[in-house]
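Undergrad: Same order as they appear, the protein sequences are chains A and B. Take 0 as the starting number for the first sequence in numbering that gives the first Met the number 0 and just add one per residue. Take 0 as the starting number for the second sequence in numbering that gives the first Met the number 0 and just add one per residue.
The set of hints was computed from the structure by calculation and includes no laboratory data. For clarity, every value in this text was computed on a predicted model and none was experimentally measured. Accuracy of the hints is not assured; some may be wrong.
Unchecked claim - Per label pair, the in silico range of CB-to-CB distance: (1) Arg2(B) - Pro4(A): 29 to 39 Å; (2) Ile164(A) - Gly108(B): 55 to 65 Å; (3) Gly39(A) - Gly16(B): 22 to 32 Å; (4) Ser161(A) - Glu123(B): 50 to 60 Å; (5) Arg29(B) - Gln168(A): 49 to 59 Å.
Said to hold, decoys possible - Below, simulated BS3-like cross-link-like pairs (lysine-lysine); rule was C-alpha separation at most 30 Å, straight line: (6) Lys81(B) - Lys49(A); (7) Lys36(B) - Lys81(B); (8) Lys49(A) - Lys36(B).
Cβ atoms here follow ideal geometry from the backbone N, Cα and C, with glycine treated the same way.
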Amino acid sequence: MTVSPPARLPSRELEDLVFFALSARADLTDLNVYPDLDDGTRTRLRARIKQISRYDWPASLGDDPDLRRGYTLRQCFRLMIVMQMLDAHLPPSLSVQVARSNDGGLMRLIADRLRRHERSKPEPADRVVIMRPAELRDLTPAAPWNHKNSLELQYVQRERCSAIIADAQLPGPRLVFDFGAAAATVWRWLSSRMLLNDTARTAFIAEIDGYRDEHDFVEQPITRRVKV
Amino acid sequence: MIRHVSAITLQLLEGAGLTADALDREFDGRAPAVLRKAHPMLVAMSNAAGLNVVQAARRSRYLLIEIEQHESGATQWVYREKTARDCIFSCRGTLPDALQGALEGRMLGQLVDPHDAISATTIEHAVDIGAGWLAIGVSPRWETF
Chain A
0 MTVSPPARLP
10 SRELEDLVFF
20 ALSARADLTD
30 LNVYPDLDDG
40 TRTRLRARIK
50 QISRYDWPAS
60 LGDDPDLRRG
70 YTLRQCFRLM
80 IVMQMLDAHL
90 PPSLSVQVAR
100 SNDGGLMRLI
110 ADRLRRHERS
120 KPEPADRVVI
130 MRPAELRDLT
140 PAAPWNHKNS
150 LELQYVQRER
160 CSAIIADAQL
170 PGPRLVFDFG
180 AAAATVWRWL
190 SSRMLLNDTA
200 RTAFIAEIDG
210 YRDEHDFVEQ
220 PITRRVKV
Chain B
0 MIRHVSAITL
10 QLLEGAGLTA
20 DALDREFDGR
30 APAVLRKAHP
40 MLVAMSNAAG
50 LNVVQAARRS
60 RYLLIEIEQH
70 ESGATQWVYR
80 EKTARDCIFS
90 CRGTLPDALQ
100 GALEGRMLGQ
110 LVDPHDAISA
120 TTIEHAVDIG
130 AGWLAIGVSP
140 RWETF
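With the rest of the complex left out, here is chain A:
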């Protein structure tokens, strides 16, 4: 019995995927799974997707020869993450770097959200991602904040999020991303339209869970911004 290849989302559906990722809310009730995007919007979204693919994101053709057939669920989520960062005006090269080096943690966050039904209400234990970029502060000589990697992502529970953001002792800006809500909305769209079967979700969760046990899986944290 051969293992069947993972189901893939055809590339013509990617614009819709990005739309749902960008417009997702944690407390979404109704979802119109057939958004009426005009041609101009589709062209612009497609251009961004193509721009990101030039960074070999979510994968390169060398790593995944079947990429031409479409994206696996994991690759869909990788794209989703970078698109949300672009939405925050982060540059593409930086977004891909951050997504790449935090891939394990981000996928775990998404897998945890997908374990619950996609339509379930947001829970206090849901985690959001806080990024505290320090592009200019990193250039200044050793300062109190330089003890921590400025591009490392923090995973905090939603209810603790405001405390961290409002923390009077923290310098610099904070960006908050709700990748869990975006993933739930994207999955809700995919499963409502039967574009991917539920086995894709369970396979994704199983694959991510499996990585917890790999002793040699090491995430490479990025220590400083590399000019690409």
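Please build the complex by placing chain B on the supplied structure of chain A, with the hints as guidance.
TA: What follows is chain B alone, placed relative to chain A:
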């Protein structure tokens, strides 16, 4: 120039008072050659047939259609013509392993009855794709126009 359209798409077009030619012309100048649910022709086809036609595409001179039928919020079945040789009908159900090979050559209508033209397709293979769903590879009749 020989162009192809499936018997299913033809039936939907006829029901809405449209021709394959008219549909084909909609694709000219579009890149990618895809019409989506909100397109007036697809809306007309959907309303006339009581189905949810979500997409029409043109690839290598074949007009390809995709239908996703929902009922009370849940998907009942989907019919996707991905390429001329790869058309899938997907619905809920389970199939004992022994039957999966035995269905080849039968009409889809002997298993399920979604809609006249779709039921008249021939089964090529049937696979249990998990989570209580089946994916049945079917081949419709292709007409030229």
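Undergrad: Each of the hints needs a verdict: does it hold here or not?
TA: These are the hints, each one checked on the structure:
| no. | hint | in the structure |
| --- | --- | --- |
| 1 | Arg2(B) - Pro4(A): 29 to 39 Å | holds, 32 Å |
| 2 | Ile164(A) - Gly108(B): 55 to 65 Å | holds, 60 Å |
| 3 | Gly39(A) - Gly16(B): 22 to 32 Å | holds, 30 Å |
| 4 | Ser161(A) - Glu123(B): 50 to 60 Å | holds, 57 Å |
| 5 | Arg29(B) - Gln168(A): 49 to 59 Å | holds, 56 Å |
| 6 | Lys81(B) - Lys49(A) | holds, 22 Å |
| 7 | Lys36(B) - Lys81(B) | holds, 16 Å |
| 8 | Lys49(A) - Lys36(B) | holds, 24 Å |
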